[in-house]
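Chemist: Start from the sequences and build out the full structure, keeping to the hints where you can.
With our numbering applied, the sequence shown has no gaps in its numbers, which climb one by one up to 146 at the end.
Because the hints were derived from the structure by calculation, they are not lab data.
Just so you know, nobody snuck in bad clues.
Only pairs whose alpha carbons sit at most 30 Å apart, straight line, appear in this in silico DSS-like list of lysine-lysine:
#, residue 1, residue 2
1, LYS129, LYS116
2, LYS49, LYS129
3, LYS72, LYS129
4, LYS122, LYS49
5, LYS49, LYS116
6, LYS72, LYS122
7, LYS116, LYS72
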Amino acid sequence: MSENHDPIRLLAIRETPLSLDEVYAAVGDDAAGGTTVFVGTVRDHDGGKSVAALEYSCHPTAEREMRRIAEKVAADYPVRALAAVHRTGRLEINDAAVIVAVSCPHRGEAFAAARKLIDDLKHEVPIWKHQVFTDGQEEWVGAGSC
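Modeler: Below is the structure:
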């Protein structure tokens, strides 16, 4: 592959359901010996309370922040291919909220890069989670700085 190979294959924030197949296909690379995929899903509880649904919203700079983080991960690890998608809008229990995937020459590198990618996305991208509990209570959980 050429030196100008861009390992960032897919970055998006969408209101439509996320596709594991799309993300996995995006990180296919003949030089990769390991691919790690992480899927974050909506669970039915949080903090001892039953969750009915979540609503995600984001700041207009969220995709730009995703790209900054992806570029840093690609620079710090031997990434052959990287993808990350996050959902916004209303999600139900078991819906995929975020999917990240990273392909590297070896599995250890792929695991480390994927973990760094999801951890930094969760902590730095301005995406907010509005939790709706089954008892009618609600809670906002923020990520990133804005």
